[in-house]
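Asks: Chain by chain, the residues:
Number of protein chains: 8
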Amino acid sequence: GFARIDSARQARTGIPEVIYTPGKTKEQVRQIAERMYKSGIDILATRASEEVFMHVREVVPEVTFNKMARTIVFHHHSNREETKDYIAIVAAGTSDLPVAEEAAETARFLGNKVERIYDVGVAGIHRLFSKIEGIREARVIIVVAGMEGALPSVVGGLVNKPVIAVPTSVGYGANLGGITALLAMLNSCAAGISVVNIDNGFGAACQASLINQLK
Amino acid sequence: GFARIDSARQARTGIPEVIYTPGKTKEQVRQIAERMYKSGIDILATRASEEVFMHVREVVPEVTFNKMARTIVFHHHSNREETKDYIAIVAAGTSDLPVAEEAAETARFLGNKVERIYDVGVAGIHRLFSKIEGIREARVIIVVAGMEGALPSVVGGLVNKPVIAVPTSVGYGANLGGITALLAMLNSCAAGISVVNIDNGFGAACQASLINQLK
Amino acid sequence: GFARIDSARQARTGIPEVIYTPGKTKEQVRQIAERMYKSGIDILATRASEEVFMHVREVVPEVTFNKMARTIVFHHHSNREETKDYIAIVAAGTSDLPVAEEAAETARFLGNKVERIYDVGVAGIHRLFSKIEGIREARVIIVVAGMEGALPSVVGGLVNKPVIAVPTSVGYGANLGGITALLAMLNSCAAGISVVNIDNGFGAACQASLINQLK
Amino acid sequence: GFARIDSARQARTGIPEVIYTPGKTKEQVRQIAERMYKSGIDILATRASEEVFMHVREVVPEVTFNKMARTIVFHHHSNREETKDYIAIVAAGTSDLPVAEEAAETARFLGNKVERIYDVGVAGIHRLFSKIEGIREARVIIVVAGMEGALPSVVGGLVNKPVIAVPTSVGYGANLGGITALLAMLNSCAAGISVVNIDNGFGAACQASLINQLK
Amino acid sequence: GFARIDSARQARTGIPEVIYTPGKTKEQVRQIAERMYKSGIDILATRASEEVFMHVREVVPEVTFNKMARTIVFHHHSNREETKDYIAIVAAGTSDLPVAEEAAETARFLGNKVERIYDVGVAGIHRLFSKIEGIREARVIIVVAGMEGALPSVVGGLVNKPVIAVPTSVGYGANLGGITALLAMLNSCAAGISVVNIDNGFGAACQASLINQLK
Amino acid sequence: GFARIDSARQARTGIPEVIYTPGKTKEQVRQIAERMYKSGIDILATRASEEVFMHVREVVPEVTFNKMARTIVFHHHSNREETKDYIAIVAAGTSDLPVAEEAAETARFLGNKVERIYDVGVAGIHRLFSKIEGIREARVIIVVAGMEGALPSVVGGLVNKPVIAVPTSVGYGANLGGITALLAMLNSCAAGISVVNIDNGFGAACQASLINQLK
Amino acid sequence: GFARIDSARQARTGIPEVIYTPGKTKEQVRQIAERMYKSGIDILATRASEEVFMHVREVVPEVTFNKMARTIVFHHHSNREETKDYIAIVAAGTSDLPVAEEAAETARFLGNKVERIYDVGVAGIHRLFSKIEGIREARVIIVVAGMEGALPSVVGGLVNKPVIAVPTSVGYGANLGGITALLAMLNSCAAGISVVNIDNGFGAACQASLINQLK
Amino acid sequence: GFARIDSARQARTGIPEVIYTPGKTKEQVRQIAERMYKSGIDILATRASEEVFMHVREVVPEVTFNKMARTIVFHHHSNREETKDYIAIVAAGTSDLPVAEEAAETARFLGNKVERIYDVGVAGIHRLFSKIEGIREARVIIVVAGMEGALPSVVGGLVNKPVIAVPTSVGYGANLGGITALLAMLNSCAAGISVVNIDNGFGAACQASLINQLK
Ligand SMILES: Nc1ncnc2c1ncn2[C@@H]1O[C@H](COP(=O)(O)O)[C@@H](O)[C@H]1O
Ligand SMILES: Nc1ncnc2c1ncn2[C@@H]1O[C@H](COP(=O)(O)O)[C@@H](O)[C@H]1O
Ligand SMILES: Nc1ncnc2c1ncn2[C@@H]1O[C@H](COP(=O)(O)O)[C@@H](O)[C@H]1O
Ligand SMILES: Nc1ncnc2c1ncn2[C@@H]1O[C@H](COP(=O)(O)O)[C@@H](O)[C@H]1O
Ligand SMILES: [Mg+2]
Ligand SMILES: [Mg+2]
Ligand SMILES: [Mg+2]
Ligand SMILES: [Mg+2]
Ligand SMILES: [Mg+2]
Ligand SMILES: [Mg+2]
Ligand SMILES: [Mg+2]
Ligand SMILES: [Mg+2]
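Residue numbers (the numbering used here), protein chains in the order written: chain L, 1 to 215; chain W, 1001 to 1215; chain S, 2001 to 2215; chain U, 3001 to 3215; chain H, 4001 to 4215; chain C, 5001 to 5215; chain B, 6001 to 6215; chain Y, 7001 to 7215.
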């Protein structure tokens, strides 16, 4: 086959194989999904279009699609356990939601309880303060922001939990497709923050899950 | 002479000629200062070393030096008027002070009342809130910050006055000599903010003075 | 709802909430516009297509569209007051007009009188000189230019009012999508100039309005 | 005083104030250290020269200096508790050691047990494999590498613990002062990795400590 | 004609003229192919679409198309000799296959035996180890990888043959269209590696062929 | 010897060999100068320090040094002819003079009449207008400017002669060591302008000389 | 009207107004062309599509279109004079021809005799040598090249005429849309070369025409 | 010890451990050299200063120093075998010689016969042609060039041997510390060329040696 499923990856790294759909034809995604389905492996596909979802549904009928997150998900067992502690997913603006939702869906797929705190960007900082308790009580915090990428610094200065910052490509001009937010987050004056690639809600959730599930 | 003093500049642009010392020998700076002194023109020299100051003092005895701001100043008349309204100069961290002080000294040289609000960076946002009233009452606000350059966005979301953001070259690695703070400020999600060159406290004060002195 | 209208923003920052249409579906824009309409809030939507305008018109019949500025505007009261002082909007070339018009429409939406001085780029500098009086008499000046971004420096050297420079993405090759004009404006040899993001006519008008309406 | 010690920071963020020495005079560092000493606060100063250490020792006699890590450390109580779980600090080459040691010293200052696994760069991958068990048993892993920044990807594919990658400025030419390693780490094909600023051993240790001390 | 076929190039440089299809109309490609066909010259066209292939087939009926490699190939003599030694083509992930296949097809066109070792990226390094013998026995090795571009360093540290690294544009965000992988490969800590342009499977195969056919 | 003098270069390209001193020891420069002196070749060395000049003077006693231009010059015949038409060298600010003088000295070395028009930067455009006739009557114009690099566009719009623009590294922050001025000049909205490397007064003078001496 | 025709530009700068079509609607181009036609002004429009040409032809029937050059041209008088000396236009590869042809058409529009020397790239340098005499006899030389941009250096080392280098955006990957060729040309080791913006055949021809028509 | 000598590296990769001196103290270099000396391992140290050499000589008396190449070399056996085929090392200009010599010394250390062809840059292409036979007869060719990096393309178009291009940091301004030459070489229009890091003469020689010693 054109792709091998690394079924030992879950055991080795704590994160199973996940289908990254860009650059794959819809036939290829369907075929991989089908093979995972038949092998008893749970399915997560990211950056998926509705069209790809339709294709996968033909072979995995119970599969679900989250349009904003652009994720396709299927679990073999519906009564999965969820962590007691939760991952807080904090997002600055409406345009950052696809990335925040990719993180949320990935985190939940990996068995984590998730709390969403959205639309709390720094231009109206009172919105963040009204939600700060729910953020402080999380075990780990994902902060998603585009434009000047300032939100992780403010959050990082208010909590004593690890913060994973996700820059988004939201903006224009000197935003350079998310590079500005990425650089800003790497230079945060608050301690306890690390950063993942632009728009990489998936990657942030993987690390948050490893942290949240530490014994 | 090697440099012509554009004495009409004050009338034409509201800002007189100012001596930018880098790239000039100490003899050249002294000579320009002496000529201005004799022509009855007030003197401001920026980015000056203590050594240059010593040299100028030989010909303009009453001249003063601000070590942190790196400015040399002399006024022919000691009883100058100051504006009623003030320019607030807000700075994020200790390392940003040379730039903030360059702005403060320039603003005062241009006849403005100045209020300094320092060490209020976003990693401890409570420090900013405790000072917000003094910032709100200014006529125009200069915000100086390095690293991720987030402070102007937070300030801009809390006030209804024009904010001039000054990125500083404070930081290392992905800070790129201040480019990161500059890009962040240009992408601010708060409205009413404009930006000047990296470390350009002088330029911010010039524009703030023009605004503060509008009738 | 998917978006919250921050109705206190006008009071807090002097600039009300404005709809930035890119990244929103036409249904979303219509719904936000309808809610603002029913709440008695004036409407400004920027970067709007004609198609989005059609959609909004179904729920806000009196809404108007400026094709070049790409703005949708609606005021509840037609007899609004306008400032006595005006904002001058100076543009270099024909291709810069969409950005200049975005600034003009935003400035007028915020209650300012506006004067347009267009097609006065530095390659034929006599065109600028023939209009300089009208520029000098403004309270604040927005200068819009692409390519080498030289116009703000020339204007800044001729006036004693604050100049807000807007780089545009007009050009090709080493223009780097407007980065060249942005960098040039940040390095202006004239004092009293500050800069906003590439193509950000909206942001320039917000700051100009705050300045123009200072008491 | 020129600097305020934010003594609530430890409680609020889990990380106390730390003295970043670059840009401060040796007198300033000594004065801050003295004040902390007298207030019963433990001292960590990073990026310190031997000369600065000498200065601090005049006022805090028991202070210690780690030349490679460039850290100055003082604890009021010698019988501090250490975590049971440890942070693994993995470094690629000899030139990366100053950054790895900054991370190690910071982690220990924050109360963590630390294991060092050095000189296991990817050009001789067998060296990594001979140490992999000690890495796998850590609670969280810091991976320090310069040049092509490949080590975090290899480690990330072999463990089920969170990996914090630290790019270093080690290299020349197309290494761009560490930007190459930074970009590579942000694009890691292994899941569960996040990244901090170039040479930021301190920042990596802060986040690792927050993770390691999660209940 | 619009293009001259440099028929002496094979003799002079060891590599014949090859048709690079981007920027050429399908009529132009067909015409060049026809001329080569009639002149007894073997045909290789790269970066070709299926549509272009259809067009060429009208004039060169026996021509073949490799969809993944995007190559069009025709040989006048079917019983061509192949080298005894082979070129190993090692690829990191599924998305890198078009570039790897362009290299493979080019190498075979130039008369070389080729061995493909695919899907052995560093995130699951055991996959590489299980194939290492076949790589070591090659005369020259092409390593194709995107994202963080780490694979050539690992391979280079395990073999005593020249390694030609090909960065691919696979990835997003801070991947910068392949620049990240390119920079990483140029900074490889393993000796004996050189690099070609992003996605340039063709160029890697040309150099590998010159090496493989050295007497 | 360590360097070969390409004595045919003058005949072939219109420009003789010239000594670029950076990266050469003072002994090497002296030795090359001596050889040229003895072979009857005129000497121009650029980017030279006073110390190098002292060294050369030991073997070529009549050699002269221009401190600002950093040039060392020697002609075998004092009664050289000079062109009737002149090259105008226009410079924006005082800090651009070393580059302007390098151009002037090179142009004169190559036998051209030169007119200097200095300190006419765009922030005080009236200074340029008062000198425009002398610029218009030149056969070719070199325009030297740093910071925003706007001067060539203004000059180019006022003359019907070829303009060669020289960006300088004068400025700080977003000036990027002259890249900003370079990019601006490449994007000039005026036609008839071409550009040389940053600080390359020598290169501009070479091309200007070829143009000025066209029959 | 939306655009003013600067009819004095020819007299002032030696280059008349020319229609740059990108960013203009086909109606706008037709209207400008019609106005120029009726005012007795010759017409050149660059970067034009066939569709725009059709539109212009409705109002200027004798107008001609050069598909490769993407130029629309009309002269009121067919018996125009042409210069005796010619401009040589040298191009490296087939893909550079649109830019070379834009230069050729512009140069001819401005009244110059033109000689084309195409497909002489440095990978087969013998092709250049077979044409060198025709290049040497030109009065000024335009050299067009993409990829590594090496051709101007080779030409510049062989001729004693001014060389204007035009980088093209031909290439992929590390070619960065022409930036690579641009940088290479600016760093040419040959003297007497200057550079214009990427793909700017028009600009090169304007300067070449000013040079070619110098008395 | 602070560094482990990977004595199996020669067997595994064909290249032994080599001492890269930057970032090591002179004591560390001496200590490593002494250990290698005592273990019967041949010594090569690169980027070495004369001072470091003095230090090493105290413990390895027969060691030699090449000042231009900045290499320290010691062989246990003087009657080493040398390859029959040679590596040609072609360099553009005098300033490129340190890099070319680093390549030459490394190649000879690895047992290769070497031919140097220096000062044959493209600005005087006749110099290259006069030496082309010696280049063609090499088994593999290293081409070293700075500035516009054009030489590898010209050489590559004239030979049927693998070419390894080494960009140097020679140049200024838009040369960007060698990035310009690097990018140019990666975009070479000649086939059969690959590239190593800026100034990496060592790396080029390692790969050339692997190629030259292929059976
Ligand atoms: N949205 C995403 N962003 C980054 N990496 C992803 C994403 N989704 C999946 N992946 C990773 O990509 C791998 C699949 O890559 P591939 O072998 O090319 O299908 C998965 O196992 C994940 O580790
Ligand atoms: N610190 C500063 N940053 C930026 N511009 C400055 C600064 N200080 C002075 N200037 C400007 O530089 C001009 C002097 O430039 P120059 O003619 O080179 O001496 C002054 O008139 C100011 O407009
Ligand atoms: N995929 C490719 N990538 C890079 N260069 C190529 C590729 N395919 C062909 N070429 C080169 O491009 C040349 C053809 O260029 P052209 O004259 O524009 O058709 C061929 O002779 C090859 O050397
Ligand atoms: N292909 C081209 N590249 C660069 N500049 C051009 C080109 N064609 C026309 N121009 C210039 O653009 C001007 C027209 O600009 P505009 O006022 O926007 O129509 C002309 O007068 C020319 O100076
Ligand atoms: Mg909102
Ligand atoms: Mg502080
Ligand atoms: Mg116009
Ligand atoms: Mg080692
Ligand atoms: Mg895979
Ligand atoms: Mg001046
Ligand atoms: Mg060709
Ligand atoms: Mg030479």
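A hint or two may mislead.
To be verified - Partial list, derived from the structure: chain C residues whose beta carbon lies under 8 Å from chain B:
no., residue
1, Gly5014
2, Gly5040
3, Ser5095
4, Ile5132
5, Gly5134
6, Leu5158
7, Val5159
8, Lys5161
9, Val5196
10, Cys5206
11, Gln5207
It should be emphasised that the hints constitute simulated quantities derived from the structure, not laboratory data.
For glycine and all other residues, C-beta sits at the position ideal for the given N, C-alpha and C.
Asks: Give a verdict on every hint.
Replies: Here is how each hint holds up against the structure:
1. Gly5014: holds, 3 Å
2. Gly5040: Violated, because the Cβ-Cβ distance from C/Gly5040 to chain B comes to roughly 21 Å (cut-off 8 Å).
3. Ser5095: It is violated, given that the least Cβ distance between C/Ser5095 and chain B is near 21 Å, above 8 Å.
4. Ile5132: violated, 11 Å
5. Gly5134: For C/Gly5134, the interface hint is violated, since the closest Cβ of chain B sits about 17 Å away, which is over 8 Å.
6. Leu5158: holds, 7 Å
7. Val5159: Status holds, d = 7 Å.
8. Lys5161: holds, 6 Å
9. Val5196: holds, 5 Å
10. Cys5206: Because about 4 Å separates C/Cys5206 from the closest Cβ in chain B, which is inside the 8 Å limit, the hint holds.
11. Gln5207: Given a least distance of 5 Å, the restraint on C/Gln5207 holds.
Checked against the numbered hints given earlier, the structure breaks hints 2, 3, 4 and 5 and satisfies all the rest.
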